[in-house]
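Engineer: Sequence:
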Amino acid sequence: MKFIKHTILIGCALITNAYLGQQTQLSSLFPYNPILVNPAEAGYNNVTDISLSFRKQWTGISGTPTTSWLSGYTALNKKMGIGGVVIYDEMAFIKNVDAKLSYAYHLKLAKDFKLSFGLGVGAKQSTIAPNDIVADDYSDEILVSGNTSGVLFDAEFGTLITFKEFRLGVNTPQLLQPRMEVQTPSFETNYNLQSHLNIYLSYDSKINESIRAIPTVFYRRSKASSQFDIFANFEFNKTLILGLGYREGVGVLANVGAKIKDKFQINYAYDFGKSGFGSSTGGSHEIMLKMVIPAKEKEGLIEDGEGKNKNDDKGESIKNKF
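Residues in the sequence shown are numbered consecutively from 69, following the working numbering.
Hint data in this document are derived by calculation from the structure and do not stem from the laboratory. Backbone N, C-alpha and C fix where the C-beta goes; we use that ideal spot for every residue, glycine too. Hints are not guaranteed to be accurate.
As the list claims (entries may be wrong) - Capping the alpha-carbon separation at 27 Å, the derived lysine-lysine pairs in DSS-like fashion look like this:
# : residue 1 : residue 2
1 : 306       : 327
2 : 182       : 232
3 : 182       : 331
4 : 331       : 274
5 : 327       : 232
6 : 274       : 329
7 : 124       : 274
8 : 306       : 274
As the list claims (entries may be wrong) - Cβ pair distances, simulated, as ranges:
#  : residue 1 : residue 2 : range
9  : 175       : 271       : 28 to 36 Å
10 : 302       : 129       : 28 to 36 Å
11 : 350       : 177       : 42 to 50 Å
12 : 183       : 359       : 43 to 51 Å
13 : 147       : 350       : 42 to 50 Å
14 : 281       : 359       : 21 to 29 Å
Using the sequences and the accompanying hints, generate a full structural model.
Structural biologist: Listed below in structure tokens is the structure:
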């Protein structure tokens, strides 16, 4: 029993350390779904957006992290938006479920200048499942004691600044730094969530009538570590999407996608890994399915900075800038 108990405790410690610099989930497709990293994005582009994503890290190793996201947001009116994200994260015998709701307020300060604030609140459940451990002897009470869980509540705050085609977002997930405690009669594991800082900058450049380029830089930092991503994503004829990137400490990222009538989108990303651990474990895969529902231009919902309803401009479309 002591051996199995120590094995579980060591496993929890190793997994916790693995998450120390990655307590917030990584995504190589976040430029196509920024609500994942900033609640201030909710309702910004006046559409209803629903996305489903799945990510598998280090496919050559059993028990490595898998993450699933279900996200959505919509505009309530010209100044307010709401959204939500549900995340299921699993690594070995530790499973996490995060659910949060987001509210965003958008201020149009000038013709091409907008400032947005976002608040996200939610809960996280962490479960230790020792009965998922593969063992030769299942007579130990720890292995048959069943799953045990702990729950905490947390918040995040984000801002978004847009000027013409530039976009700057700042977010502080795990703002309250709560403590997770998971206990059983045989053992317990406790850890604190660390506050993080996420900063991203992008520029939507129209090269010609057929090609758009959207370079993006993303920087994340916690007390334990920091990391940056660089993306160069391109859209051809409003249909085909191709992108390359680089993640510090990981290596080259690549993604491909397609849009269908501006209402549906599918994206796939692969993280190659540059050397050592990352390159010898099969890399990481991520896929995203998205549905976009254009806003109905009801009176008072979408207005310009002077209060003029855009229904007065017949035929003007809603532009999704991200």
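Engineer: For every hint, state whether the structure bears it out.
Structural biologist: Hints and how they fare:
Using a Cα cut-off of 27 Å, the hinted pair residue 306 and residue 327 holds, with the two alpha carbons roughly 7 Å apart. Annotation: proposed proximity of residue 182 to residue 232 holds, straight-line Cα distance about 9 Å (limit 27 Å). About 25 Å separates the Cα atoms of residue 182 and residue 331, which keeps this hinted pair within 27 Å; it holds. Restraint check: the Cα-Cα separation between residue 331 and residue 274 comes to about 21 Å, which is no more than 27 Å; the hinted pair holds.
Restraint check for residue 327 and residue 232: satisfied, since their Cα atoms lie roughly 24 Å apart, inside the 27 Å limit. For the suggested pair residue 274 and residue 329, the alpha carbons sit about 19 Å apart, so the restraint of at most 27 Å is met. For the given pair, residue 124 sits about 33 Å from residue 274 by alpha-carbon distance, which is inconsistent with the 27 Å threshold. Between residue 306 and residue 274 the alpha-carbon distance is near 11 Å, which keeps this suggested pair within the 27 Å criterion.
Between residue 175 and residue 271 the beta carbons are some 21 Å apart, a value that contradicts the proposed interval 28 to 36 Å. Checked against the hint of 28 to 36 Å, the C-beta distance between residue 302 and residue 129 comes to roughly 32 Å, which is consistent with it. Separated by about 47 Å at the C-beta atoms, residue 350 and residue 177 satisfy the suggested range of 42 to 50 Å. A hinted range of 43 to 51 Å is violated for the C-beta pair residue 183 and residue 359, which are about 28 Å apart.
At about 46 Å, the CB distance of residue 147 to residue 350 agrees with the hint of 42 to 50 Å. Separation of residue 281 from residue 359 is about 25 Å and conforms to the stated range, judged on CB atoms against 21 to 29 Å.
Checked against the numbered hints given earlier, this structure breaks hints 7, 9, 12; the rest are met.
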